[in-house]
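Novice: What follows is each chain in one-letter form.
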Amino acid sequence: GDSVTQMEGPVTLSEEAFLTINCTYTATGYPSLFWYVQYPGEGLQLLLKATKADDKGSNKGFEATYRKETTSFHLEKGSVQVSDSAVYFCALSKTGNQFYFGTGTSLTVIP
Amino acid sequence: DAGVTQSPTHLIKTRGQQVTLRCSPKSGHDTVSWYQQALGQGPQFIFQYYEEEERQRGNFPDRFSGHQFPNYSSELNVNALLLGDSALYLCASSLDPGLGFRGTFFGQGTRLTVV
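Heads up: the protein sequence lines correspond to chains A and B, in order.
Residue numbering for the first sequence follows the numbering used here, starting at 1 and increasing by one per position.
Residue numbering for the second sequence follows the numbering used here, starting at 1001 and increasing by one per position.
Treat the hints as calculated values from the structure; they're not laboratory data.
Predicted, not measured: the structure shown is a model, and the values here were computed from it.
Cβ coordinates follow ideal geometry from the N, Cα and C atoms, glycine included.
Errors might be hidden in some of the hints.
With a straight-line Cα cutoff of 25 Å, these simulated DMTMM-like cross-link-like pairs (lysine to aspartate or glutamate) come out [unchecked claim]:
#1 A/94 - B/1030
#2 A/94 - B/1051
#3 A/60 - A/76
#4 A/60 - A/8
#5 B/1013 - B/1085
#6 A/52 - A/69
#7 A/56 - A/84
#8 A/94 - A/63
#9 A/52 - A/42
#10 A/52 - A/2
#11 A/77 - A/16
#12 B/1013 - B/1075
#13 B/1013 - A/42
#14 A/94 - B/1054
#15 A/94 - B/1053
#16 A/68 - A/42
#17 A/60 - B/1030
#18 A/77 - A/15
The calculated label-pair distances, taken between Cβ atoms and stated as ranges, are [what the hints assert, rightly or not]:
#19 A/55 - B/1065: 32 to 42 Å
#20 A/59 - B/1079: 35 to 45 Å
#21 B/1018 - A/79: 47 to 57 Å
Here are some, though not all, of the chain A residues that point toward chain B, as calculated from beta-carbon distances under 8 Å [as the list claims (entries may be wrong)]:
#22 40
#23 42
#24 44
#25 96
#26 97
#27 101
#28 103
Looking at chain A on its own, in the form it has when it is part of the complex:
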């Protein structure tokens, strides 16, 4: 079945460090791929998405490229801030009816 595997955390970085969170997926057909962010005590917020192969999603300095050949959608940011501390979820959906989420990666950025 469809599934998402993402890098386990927790991840701790110093401010201005480079961030990569790995995500790979398994799916039939042509899913759309997403990164969601969850701040403490809150629900999920869409960070970025890509709907077809080679698309790059970007938002707030975060980027991820839909790589069909490697079935990956790795999240990157060139310079993290303390305010980026949160849990990040990679997800896929084929129709928008159902999302499959990874287990989440906790990021802590220290000043």
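Starting from the known structure of chain A, arrange chain B on it as the hints suggest.
Specialist: For chain B alone, kept in the frame of chain A given last:
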């Protein structure tokens, strides 16, 4: 626009009891989905409602049931609560995905603790 609103925000129940969680979708959205997020895990799809009917269901027992009202709001009911039902329950709303992906928005969730 208030976005997706869920109530209550927190709830404590005893094993064996029943619970009802509520969700109001984002204005203009007609489709509501429910997810269970256990501590330290990603959200798991429970079911989706569209036009007041359950359209799709994940791998959850019949103790989990739902309802959608004519104004598109929705309820999630869980009967015979187990300790393992303790989780954050997330509601997500969207415009009928059959019309093409137009964005799914999540509420803040209801934290259910079963003791």
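Novice: Does the nearest C-beta of chain B fall within a distance shorter than 8 Å of the C-beta of residue 96 of chain A?
Specialist: At 3 Å from the nearest chain B Cβ, residue 96 of chain A passes the 8 Å test, so the hint holds.
Novice: Checking hints one by one. Is residue 44 of chain A an interface residue toward chain B, by the C-beta closer than 8 Å rule?
Specialist: holds, 4 Å
Novice: Taking 25 Å as the top limit, are the C-alpha atoms of residue 1013 of chain B and residue 1075 of chain B close enough?
Specialist: Holds. Residue 1013 of chain B to residue 1075 of chain B sits at ~17 Å (cutoff 25 Å).
Novice: Taking only the CA atoms, is the gap from residue 52 of chain A to residue 2 of chain A under or equal to 25 Å?
Specialist: Distance ~16 Å between residue 52 of chain A and residue 2 of chain A Cα, so the pair holds.
Novice: Given the hinted pair residue 94 of chain A and residue 1030 of chain B, is their alpha-carbon gap at most 25 Å?
Specialist: Roughly 19 Å between the alpha carbons, so the hint for residue 94 of chain A and residue 1030 of chain B holds.
Novice: Holds or violated: are the alpha carbons of residue 52 of chain A and residue 42 of chain A at most 25 Å from each other?
Specialist: violated, 29 Å
Novice: Interface hint check: residue 101 of chain A, Cβ to nearest Cβ on chain B, cutoff 8 Å. Holds or violated?
Specialist: With Cβ-Cβ at 3 Å, under 8 Å, it holds.
Novice: Would the hint linking residue 52 of chain A and residue 69 of chain A be met if the CA-CA limit is 25 Å?
Specialist: holds, 12 Å
Novice: Given the hinted pair residue 60 of chain A and residue 8 of chain A, is their Cα-Cα distance within 25 Å?
Specialist: holds, 23 Å
Novice: Just to be careful, I want the Cα atoms of residue 94 of chain A and residue 63 of chain A compared with a cutoff of 25 Å; is the pair within it?
Specialist: holds, 21 Å
Novice: Please verify whether residue 68 of chain A and residue 42 of chain A have alpha carbons no more than 25 Å apart.
Specialist: violated, 32 Å
Novice: Are the Cα positions of residue 1013 of chain B and residue 42 of chain A separated by 25 Å at most?
Specialist: holds, 21 Å
The structure does not agree with the numbered hints 9, 16, 17, 22 stated previously, though it agrees with the rest.
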